[in-house]
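*Asks:* Here's the letter readout for the chains.
There are 2 protein chains.
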Amino acid sequence: MTHVYDDPAAFKDDVLVGFAAAYPTYVQRVPGSSGFVRAGGPLEGKVSLVLGGGSGHYPSYSGTVGTGFADGAVLGDLFASPSAEQVYRICKAAHGGAGVVMGFGNYAGDRLNFKVAADRLEAEGIDVRIVWVTDDIASASLDEQEKRRGIAGTFTVYKVAGAAAEAGLDLDGVERVMAKANAATYSFGVAFDGCTMPGADEPLFHVEPGQMDFGLGIHGEPGITSDAWMPAPALAARLVETVLAERPESADGRAAVLVNGLGATKYEELFVLFASIAPLLEQAGVTLVQPEVGELVTSLDMAGCSLSVTWLDDELEGYWTAPADTPAYRRGAATTSERFTRHLEVTEETLETPVAESSEDSRAAAEVARRAVAVLSATVEEHKDELGRLDAIAGDGDHGIGMSRGAKAATEAADASGEAGGGVQTVLAAASAAFGDKAGGTSGILWGLLLDGVGQQLGDVDRVTDEGVAHAVQSSATRLQEFSKASLGDKTMLDALFPFVDALVGAVDGGTPLAQAWRDAAVAATEAADATAALVPKIGRARPLAERSVGTPDPGAVSLALIATAIGGVLADAPDPS
Amino acid sequence: MTHVYDDPAAFKDDVLVGFAAAYPTYVQRVPGSSGFVRAGGPLEGKVSLVLGGGSGHYPSYSGTVGTGFADGAVLGDLFASPSAEQVYRICKAAHGGAGVVMGFGNYAGDRLNFKVAADRLEAEGIDVRIVWVTDDIASASLDEQEKRRGIAGTFTVYKVAGAAAEAGLDLDGVERVMAKANAATYSFGVAFDGCTMPGADEPLFHVEPGQMDFGLGIHGEPGITSDAWMPAPALAARLVETVLAERPESADGRAAVLVNGLGATKYEELFVLFASIAPLLEQAGVTLVQPEVGELVTSLDMAGCSLSVTWLDDELEGYWTAPADTPAYRRGAATTSERFTRHLEVTEETLETPVAESSEDSRAAAEVARRAVAVLSATVEEHKDELGRLDAIAGDGDHGIGMSRGAKAATEAADASGEAGGGVQTVLAAASAAFGDKAGGTSGILWGLLLDGVGQQLGDVDRVTDEGVAHAVQSSATRLQEFSKASLGDKTMLDALFPFVDALVGAVDGGTPLAQAWRDAAVAATEAADATAALVPKIGRARPLAERSVGTPDPGAVSLALIATAIGGVLADAPDPS
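Note that the protein sequences, when read in sequence, are chains W and C.
Numbering of the first sequence is given in my numbering, commencing with residue 1 and proceeding in unit increments.
Numbering of the second sequence is given in my numbering, commencing with residue 579 and proceeding in unit increments.
In case anyone wonders, no lab produced these hints; they're calculated from the structure.
Even glycine gets a Cβ: it sits at the ideal position worked out from N, Cα and C.
Treat each hint with caution, since some may be false.
Said to hold, decoys possible - Below, in silico cross-link-like pairs of lysine-lysine (DSSO-like), each with a Cα-Cα straight-line distance of 30 Å or less:
hint, chain 1, residue 1, chain 2, residue 2
1, C, Lys1063, W, Lys485
2, W, Lys408, C, Lys693
3, W, Lys538, C, Lys725
To be verified - Some chain W residues flagged as far from chain C (calculated, every beta-carbon gap over 10 Å):
hint, residue
4, Asp127
5, Ser141
6, Arg247
7, Lys408
I would like the entire structure built from these sequences, with the hints used as guidance.
*Replies:* The following block contains the structure:
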C-alpha cells in the first residue's frame, strides 16, 4: 500500500521536489524538466553519464547522481519512460562538452524516447551514445541477450560506467566499458508479491500466496516459473544455479555480486538469503568483490529480490571498486583517523575471563550449588508446559521454553566451571552468564542476576555458613529489584521472591538450620505465588493485555516457588556446612 | 510478510552469517557471540562505541560498524535485547584500551542486559559508560524525557558519538557528546501497518486500514493518537509541529534532520513527505544540515515513518558531518576527479534550441499546420472518453487522457512557435516535443515522431506542394514504424496509418488534389481502424490481456482515423498551395 501521498497524479513531481530538498549538496533541478544534474553543474571536458527511466525504482537514477556515478537523471511517471523532451533537456544540461552516454534498462518506451532525444541532441552537435542494460536472464534466452530486460544489474553497469567517465575516459571509452559491463552482467529474480500505485487500493499485480514467481519482471511482466514457497537455502540455490549457468568462458571468477531487495522484502531476509548464496558462489570458484546487499533498484513496495553477478576483469574491477559519492550510494575513501593506527587482534583469548583462585571450602559449596542448579533445571523441565500456558494468558507464552533453555545451559556451565576447580562464586557466575545468554528475555537476565548475586556474596574463598547463604540470597534479591525497577505487587517473580527471602532470613537469623528454614520459606513462596493471581501487572507487552491475566498467577512467581521448593530438597541432603 | 527464511528460530543467526559474508571488509564475527567488531579489530587507544539491541532494525547496529561510526554491534533475537553475556563479549572484543561507550535505545530489556554487562566489564577493569537514547516524543512527556523510548533518532546520536570517538575524544568526552546529542534529538513517528515475524502468518500488530497511528512504537507499543488517513502535506505538518513544539531555547536553528522509513514504506513516499517537511522547517527558521531521507532504523517490514531533528551546535555539527565508512552508511570524502575542475552553470539558456530561419512560404504552411494541430486537439477532446473506454478493454484506459494532454500542449507550442516566426518544420518540431512530453506513454512519443517527421521533410524554407505533403507523411510513417518496431497486424495505430498513407500517396501521385486525396484516405483509415477489432495485439502490458481485446478496435488506430478525418476538413479550407 501507498500511505503517503497528496495528489496521486502529482506523485512523481512531489518525489522530485522532496528529493531536491533533501540532497541539495548533490543535485540541482533542471529548469522545466523532470530530473536532475549534479549540484555543481557538469564538469567541463568530462563525458556525461545520464541515466533514466520510470519513477518508482529509487535509488535508481536520481539517487546515484554525484561524483563517480551519474551526471544526470531523468524520471518518467511511475513505471513509465520519461519523454524524449525530458531526456533531451537533462542531457543538454548535463553535457560538459565531451559527449553524453545514455543508460537505461531495456524497455520499449525508454528505447524509443531516449533514441528520439539522442537524434535531437546529435542534430545540435552533441555526440551521444546509448547503452541499454539487458541483465535479466528470465526475459529472453542467451541467444537473444540483447532482448533481455534491465533489472537490478543496471546498478552495477551504471556504477562502472560512472567510474569510467570520472576517470577521464573519452566517449568511445565510456561506451565500450559500459557495454562490456552490460555483457558481463546476469541477474535472476523472484517475486513474492506485487506493488501498489499511489491512490490504488489493489496491487498492480499479484503473486499467489504461498508461491514464488521466478523471473517475474519488476513491473509484473510475466516470469518463467511459479513454484511453491521454498526455504532460503533452496531459493539461494535456484538463483545461484540459474546465474552461474550463463557464466562466460572468459570469466576468471572475480565478480561484483548484488543481492537486491525490491522494496518490501526486509533487509534481514536479504542477509538470510546471502548466508546461503555466498558459500554456493565460493564453492563454484567465484571471488566476491565488494558485494552489496540492500535496496539498489526497487519497484515501489514490491516484495521480491534478485541476485546479480557482474564478471569482472581488471578494468571493470577497478571501476566497480572506485569511490562514489551520491545521495543513496557512497563508497570508498575510508578515512581511518590518523590518531589510531594499530588494530588489536580479536581471538578466543580476548574473551577469556581470568579464573579466580578458590578454597577447598568454597569448592565444597560449589558442589552444592551445582546440584541446586541441576535441580533447578529438572524442575523447570518438569513444569515447562504449565509455565508456558500461564505465560500465554497475557504474554508470549515462552516463559517455560526460555527458562528451560537457560537452566540447561546454566547446568552445563556450572558443571564445567566446577570441574575446572571454580569456587562457589565462579561456578554461580558461569551459571548466571549462561542462563541469561540462553534463556533470553527478562526472566533469563533476572535469574542470571539472582544466581550471580548469591555467588558474589559467598565468594570463592570464605567458608559458607547458613547465615551467609540466607543473607546472600537477600542481598541478591535486593539488587535484582533495583535492576528490574519492578515493585512488589506488580505481578512479577518478586512477589514470590521477597516473601521467600523474608521467611528465610527471619528463620535463619532466629537459629533455624538452613535446610529447615529454606523448606518453610519455599512454602511461603508457593502461597505468595498463588496469591499473584489476584494482581494486575503494571508493565505489559506491546498492546497491554494486563487485565486478561487477572485470575492467573504470574508464571515468574510460580517458577520461583517451584524452584525454591526443589532446591530445599538439595539442601536437606547437603552436608551441614557448620 | 516474511518470505525468505529457513528455520524461523534460527532467523537471527542466519542474518548474522549473511551479513558477515557480505561485508568482510568492514566487520568480523566475534567467536561464540551474536555480533560484530570492525574487521581490523579494535583501534588501540581509541574509545570504543558498542551499539546494540534487538534484531529486525537493520541497518541499526551491525550496518553501522566501521570507520567514523561504531566499533562493535551486538544483536539479540528479533525485537529482543541481546543477553548480558553477548554484550559483554562484544564489548570485550571491541575494547581498544580506552574504555567502552555503550549505546542503545531506551527499552527495559536492553537497559538491564547492558547494565549487567557493564558491571562485569568494570569488574575486569574496563571503564564503561552507558548512554541510552530517548528521542521518541510520543512515549513520555518532556518532563520525563529520560523515560522516552529510542526510535530513529538513535541513528543521529550514534553517528555523532562514533565521530567523536574517531576524532580521538576520551571516554568522558565521547560520553558527554553522546549525551548532548541525545538531549538535542526529538523524533515523532506515524505507523500505517504492522510487521510480520518470520514464519508468522499475521502481523505482530495491526493499524486499522485507513488509519494513521501517531507515536506508535516500532514494536507496536501504544501510540498517542489514531487519526483518519490524511494527505502528505497534513501529515508533514503534524510531524513538524510536534517536533518543533519541543525546540530547546538554546537551539540556534541548525539541525540534522532525518526522515526515516520503517521498512515497507516506499522511498518515493518519504520524498513526497519531505517535499512538505522541508519548507515547513525552513519557514520555522531551521537550517537543514546534511539531511537524510531513507531507511536508517527499520522495523522489519513495518509500514510507517518518522521525522527526527537533532539541534546542532558547532561541536555536534562537526561530528554529524564527519566522514563515515560502514556497510550501510557512508559519508564524506567526495573525491571529484582531479582531471575535471570547472563546473558549467546550468541556466534556462542551456536548454534553448536555436531558432531556424524561415521563408514566407513555409510560414504560410505553418499556419495550416497550426490549424491542423488545433483540430487534432479538438477531435481528441471530443472523443476522449470513447478512446479511454476502448483502451480500458485491454490496457490501462489512459489513451484518451494522454492524447488530450499531449494535443493541448502541442497546440500551445505550435502557436507559440508560429507566432515567433517559425516555419512549418520549426512549428511541427515544437508541437512534436510538447506532444511527446505531455501525453506520456507510447502514443505520445509516436504522435510526436509523426508530426516531427512531416516537418523535417517539409523544411522551413521550401514551398510546400501537394506531393511534398503526401510524401512527407509517407516518409514520417515509415520512420515511425522503424522506431516503434511494430508490424502491420500487431493491432496498433500503424494498422490505420499505412492504409491512409497508401491511399494518400497513390491519389496525389495520380493527380488528385491534396484535400480530396486526404478525405478519401481518411475514409480508408476509418475502415482500417474498424477492422483492427478482429486482431490480437502482439505486445501486451504486464500480464498480457491481449485476448480480451478481440472484438474491440485498437484505440490508437481509432484516434488516428478520427484525427485524419478532421484534418481533411482543415485542408479543404486551406488556400491551394499550388
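*Asks:* Is Lys408/W close enough to Lys693/C, meaning Cα to Cα at most 30 Å?
*Replies:* With Cα atoms ~24 Å apart, Lys408/W and Lys693/C stay inside 30 Å; holds.
*Asks:* Mind verifying the non-interface call on Asp127/W? Its CB should be farther than 10 Å from each CB in chain C.
*Replies:* At roughly 16 Å from the nearest Cβ of chain C, Asp127/W sits farther out than 10 Å, so the non-interface label holds.
*Asks:* Going by Cβ atoms, does Lys408/W stay more than 10 Å from chain C at every point?
*Replies:* About 15 Å separates Lys408/W from the closest Cβ of chain C, which puts it past 10 Å; holds.
*Asks:* Taking the shortest Cβ-to-Cβ distance between Ser141/W and chain C, state whether it exceeds 10 Å.
*Replies:* Holds: least Cβ distance 18 Å, greater than 10 Å.
*Asks:* With a cut-off of 30 Å on the C-alpha distance, tell me whether Lys1063/C and Lys485/W pass.
*Replies:* Measuring from Cα to Cα gives roughly 73 Å; hence the hint is violated.
*Asks:* Holds or violated: are the alpha carbons of Lys538/W and Lys725/C at most 30 Å from each other?
*Replies:* With a Cα-Cα distance of about 16 Å, the restraint between Lys538/W and Lys725/C holds, given a limit of 30 Å.
*Asks:* With 10 Å as the threshold, tell me whether Arg247/W passes as away from chain C on beta-carbon distances.
*Replies:* Check passes; 20 Å lies beyond 10 Å.
Checked against the numbered hints listed earlier, the structure breaks hint 1 alone; every other hint is satisfied.
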